[in-house]
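Using the sequences provided together with the hints, build the complete structure.
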Amino acid sequence: MSVPNDLRYTRTHEWVREEGDTVVVGITHYAQEQLGEVVYVELPEVGRTLDAGEELGTLESVKAVSEFFSPVAGEVAEVNERLDDEPGLVNDDPYGEGWLVKITVSGDGAELMDAAAYEAFLAEEGH
Amino acid sequence: MKPRTLHDEPLIFERNPERGPRGTFRLPAGEVPPVDPRATLPAEQLREPLDLLPDLGELEVVQHFHRLSQMNFAVDEGLYPLGSCTMKYNPRVCERACRLEGFTEVHPLEPDGHVQGALELMWELERALVAITGMAAVTLQPAAGAHGELTGMLMIRKALAARGDARQAVIIPDSAHGTNPASATFAGYRALEIASGPDGTVDMAALDRMMDETVAGIMLTVPNTLGVFEHRIVEISRLVHERGGYVYLDGANLNAFVGRALPGLMGADALHINLHKTFSTPHGGGGPGAGPVAVSEALVPYLPVPRVVREGDAFRMVWEDERSIGPMRGFYANFLVLVRALAYIRGMGSDGLREMSEAAVLLANLVRRRLEGAYHLQYEAPTLHEVVFDDTFQKEHGVTNIDIAKRLLDHGFHPPTVSFPLIVHGALMIEPTESPSPEEVEAFCEAMLAIAREAAEDPERLRTAPHGTPVRRLDEVAAARSPVLRWRKE
Amino acid sequence: MHPWIGVGEADRRRILDELGLDSVDALFETVPAAVRTDRLDLPPAEDEGRLMASMRALSGRNTTAAAVPSFLGAGAYRHVQPSAVDAVLSRAEFFTSYTPYQPEISQGTLQAIFEFQTVIAGLAGLDVANASLYDGATALVEAALMSHRLLRAKRNTVVVAETVHPMYRRVLETYAGALGIAVVTVPPGEDGRTDPGRLAAAAGGDACCLVVQSPNFVGIVEDLPAVAEAAHGAGAMAVQVVAEAASLGILHGGGRFGFDIVCGEAQSLGLPLGFGGPHLGFFACREEHKRQMPGRLVGQTVDADGRRGFCLTLSTREQHIRRAKATSNICSNHGLMALAATVFMELLGGSGLRAMALGSHAAAEETKRRVLMLGDPWRLAYPIAPTFDEFLLVGPAPGEELARRAAEAGVFAGVPSRKWGGSWPDGLLVAATETTRAGEIRALVEVLGRIGR
Chain A
1 MSVPNDLRYT RTHEWVREEG DTVVVGITHY AQEQLGEVVY VELPEVGRTL
51 DAGEELGTLE SVKAVSEFFS PVAGEVAEVN ERLDDEPGLV NDDPYGEGWL
101 VKITVSGDGA ELMDAAAYEA FLAEEGH
Chain B
1 MKPRTLHDEP LIFERNPERG PRGTFRLPAG EVPPVDPRAT LPAEQLREPL
51 DLLPDLGELE VVQHFHRLSQ MNFAVDEGLY PLGSCTMKYN PRVCERACRL
101 EGFTEVHPLE PDGHVQGALE LMWELERALV AITGMAAVTL QPAAGAHGEL
151 TGMLMIRKAL AARGDARQAV IIPDSAHGTN PASATFAGYR ALEIASGPDG
201 TVDMAALDRM MDETVAGIML TVPNTLGVFE HRIVEISRLV HERGGYVYLD
251 GANLNAFVGR ALPGLMGADA LHINLHKTFS TPHGGGGPGA GPVAVSEALV
301 PYLPVPRVVR EGDAFRMVWE DERSIGPMRG FYANFLVLVR ALAYIRGMGS
351 DGLREMSEAA VLLANLVRRR LEGAYHLQYE APTLHEVVFD DTFQKEHGVT
401 NIDIAKRLLD HGFHPPTVSF PLIVHGALMI EPTESPSPEE VEAFCEAMLA
451 IAREAAEDPE RLRTAPHGTP VRRLDEVAAA RSPVLRWRKE
Chain C
1 MHPWIGVGEA DRRRILDELG LDSVDALFET VPAAVRTDRL DLPPAEDEGR
51 LMASMRALSG RNTTAAAVPS FLGAGAYRHV QPSAVDAVLS RAEFFTSYTP
101 YQPEISQGTL QAIFEFQTVI AGLAGLDVAN ASLYDGATAL VEAALMSHRL
151 LRAKRNTVVV AETVHPMYRR VLETYAGALG IAVVTVPPGE DGRTDPGRLA
201 AAAGGDACCL VVQSPNFVGI VEDLPAVAEA AHGAGAMAVQ VVAEAASLGI
251 LHGGGRFGFD IVCGEAQSLG LPLGFGGPHL GFFACREEHK RQMPGRLVGQ
301 TVDADGRRGF CLTLSTREQH IRRAKATSNI CSNHGLMALA ATVFMELLGG
351 SGLRAMALGS HAAAEETKRR VLMLGDPWRL AYPIAPTFDE FLLVGPAPGE
401 ELARRAAEAG VFAGVPSRKW GGSWPDGLLV AATETTRAGE IRALVEVLGR
451 IGR
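Protein chains in written order, with our numbering: chain A, 1 to 127; chain B, 1 to 490; chain C, 1 to 453.
Hints are computed from structural coordinates only; laboratory data are not their basis.
Do not rely on the hints blindly, as some may be mistaken.
[As the list claims (entries may be wrong)] With a Cα cut of at most 25 Å, we get these calculated SDA-like pairs of lysine to any residue:
{"#": "1", "chain 1": "B", "residue 1": "395", "chain 2": "A", "residue 2": "122"}
{"#": "2", "chain 1": "C", "residue 1": "419", "chain 2": "B", "residue 2": "114"}
{"#": "3", "chain 1": "C", "residue 1": "154", "chain 2": "C", "residue 2": "198"}
[What the hints assert, rightly or not] In silico negatives: residues of chain A with every beta carbon more than 10 Å from chain C:
{"#": "4", "residue": "2"}
{"#": "5", "residue": "6"}
{"#": "6", "residue": "7"}
{"#": "7", "residue": "12"}
{"#": "8", "residue": "49"}
{"#": "9", "residue": "64"}
{"#": "10", "residue": "82"}
No residue lacks a Cβ here, since even glycine has one placed at the ideal position from N, Cα and C.
What follows is the structure, given as structure tokens:
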């Protein structure tokens, strides 16, 4: 199972990469595998302000819908518009070109796990 | 099912585009003088001659649909054990009855005196459904089961409002059909999911915690989607009623206990009845169904209008009633579906209906007996009319319930319902109904057993199934990623 | 033993033996004693002959709209009924199958629905149409709720022209009430048409959609381009509901003028009157709103060999996946009725649909002309308004009385215009179609002439 060391993780299976005062958010390899082939991604409007833990958008496969959540409080700075035409990027490259949202951080985030902790979390949850 | 024919049947729009029009269906002519619409209708709203559809002769159109029909599976073709949908035989006499001109050619707004037969038929069907459910009254309006659910929940909402009680949520088991939470939402309620206990029925302790003064009631399927009877139904209803709530029973599975048990004795306040399941009106490739709702005395005042009332020997349609939730649809009901259902009830009679439920339960138990061991059974409680296996054993070979379903197509059977209920991963929900012969059911079981063996021996054959259908496995991902929802001229 | 049950007496014993049970009662042990019954208070089974005789007796107590001159409309219209429609519907492959969840063995149903979606979208003048809804009234409800979703948290009022079928409006109120959505009704102007400006102003800035019916309840073609413009000017969705789908044979659907949703009732396209159902709801909208649509959708795709095929798609909108957050609670729709409409439209072809519309319009214009020749006290409620195949006739008595007296004289002269109330004059809604015979018009004129004296 792919869990990169340079990222931090949530219990709802988002990953977070810090880039200055913004963070990049995506879903983990594990999450995309559970969901199956992604056919549609509903992304938030740029400029929307968020609390940590708030629903950011939804990911759809043919037969399932899954929400994803903001790991931090802040404002939506950018969304991955390529996903409109290529939602499969979430499956093919979840930690790279399949990123979802960039958020300008304005406050404290929820508690995030490092890679080791996330792997332990997956194991503990019986995944 | 015929294998793929040599040619694919083109879309009607692709037929003879350049060859010019042919004689189409002949319309009445010469009765009145023609009118130039440019003189009588707003010019900017007039359309040019329609180029949407080619003008074809009758045989071309009939052949088109005949060929399309050859690519469909149907109840008349073989076992169609689609769990929860109850795909039983559709008796032909019911089809004949509903095509009588005295039913088909009746306008819904003729004066009541001219539609006494239609009104009496509705009245009689209501009485029959009251007898079958043991409830106080019935509305025939809902067009389908989900529509019935909403009708029932709106009545509950109105009854609560009448006593000044605004409640916000409805309890729904995690095994419920998706229409239950959706109907609760459209009735203005939040759906509160209650987890099923280890035997697949409602967890009483959880219900006790959840059922408070903010909860309007519970929506419960009996027997539930696992085919298991909620054996504490009386206690559940009592608890809900004591706390001021109402009990909605989803009657999708009424066919399991007709003549054996009465929802009226279970404490139900509202119950919808899928006429296209229990009373065998045809499913029509997706409808029309009909979802009459039976109610307890407590909800009678809130029944939708219009209602049929009997006055002596005459029947009348009443449109106004201040306490009613109002109408749920145009006109009265899916009337021609009601005709079929009443014909079915009369054709079965009291004994036949009882025998129907018994045979359905017997055949479901036969399936369970034959497949136990080869397929995993998550919930082992006694089975009524359907049984839910899953693909746990086959997953070890990388074979899923979808693969099993697709492979069944090659054996000439319709697959069971897959991936429902949601509480069973990789579910295969099998409902044979009472109509097939035991040999047909046994042959289905043999096919299932052969597939279970094949899963171990040649899993790839399963993953690439079906192999003998008019088309092969379809790319549903591509369909959803870039939806093409209509034909367009190139 | 019963012919519709596949298990005989010996079968039953054999299965019970295999299950190791003495009697079938053992299978029902989980049913608590308190809820059990051992009898049904229903008559014994009837054989086919008696069954048909009793059903025929019931049907014989209805007057068919074909047996007497009939000018009844108001949401259900008598049009031609090609025999081939019912012949196709009677094929077991269509009527004894169910929702095409397994596309490999449902290509017939799926392709027919795809053709239905294509034609409906084309008639509506919009991009996409769904696989059907229950009827015109519930289609209107779904349109209003979709508009509300699209403007969620911003707008909470549905503005409806009073000339939308009163039955549809009442159904809308049933649904909207539970969701706390306000419904505001705007009466027509003196010419029987809805004033777009008044419609747009009715809810201040709170309208999520403006709804008009065209042709409207009193038969009049609304000013669709102006309504669409007014709706968009007010930041609201423009919704057209159609109760008489035959009109679409000569009139553009609202999509042409910028309407966002065109929905309604398609009974006129091949379905029998059937005492009000099952009829056929249709629903079309813009491509960009497709993920908020209610109901099933069929899409085109390819199979494992790369050949064209069809399957249900965008299912994540629906209740079986999104459950409480679904765009509608609908599951079973009116698939077989959609098939009927598809066969009907393909039998008539483009030119036939146009000819049917022209024939209906001409019959109504001729009926109008003949009735007006009676002179006082008969007059049109809205003399200059353009109507399609239905018009509001005012006479010497309220509509209920006129309808009753005409029916006693053997003519269904029309539907009382205030059956459900309304701010329009109290008279008869008179509908004629391509099936209306010259003799029927003469009979109507004769009966009205006698009533008027």
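Evaluation of the provided hints:
1. Under the criterion of a C-alpha separation no larger than 25 Å, the hint pairing residue 395 of chain B with residue 122 of chain A is consistent with the structure, at around 21 Å.
2. The suggested pairing of residue 419 of chain C with residue 114 of chain B holds, with an alpha-carbon distance near 17 Å, which does not exceed 25 Å.
3. About 21 Å separates the Cα atoms of residue 154 of chain C and residue 198 of chain C, which keeps this hinted pair within 25 Å; it holds.
4. Under the 10 Å C-beta cut-off, the non-interface status given to residue 2 of chain A relative to chain C holds; the minimum distance is some 26 Å.
5. Listed as outside the interface, residue 6 of chain A is consistent with that label: its C-beta sits roughly 33 Å from the nearest C-beta of chain C, beyond the 10 Å cut-off.
6. The Cβ of residue 7 of chain A sits about 28 Å from the closest Cβ of chain C, beyond the 10 Å cut-off, so the non-interface label holds.
7. With a minimum CB-CB distance of about 17 Å to chain C, residue 12 of chain A clears the 10 Å threshold, and the non-interface call stands.
8. Separation of residue 49 of chain A from chain C is adequate, the least Cβ-Cβ distance of about 15 Å exceeding the 10 Å criterion.
9. At roughly 7 Å, the least C-beta separation between residue 64 of chain A and chain C is not larger than 10 Å, which violates its mark as non-interface.
10. The Cβ of residue 82 of chain A sits about 19 Å from the closest Cβ of chain C, beyond the 10 Å cut-off, so the non-interface label holds.
Figure legend: structure checked against the earlier numbered hints; the only hint not met is number 9.
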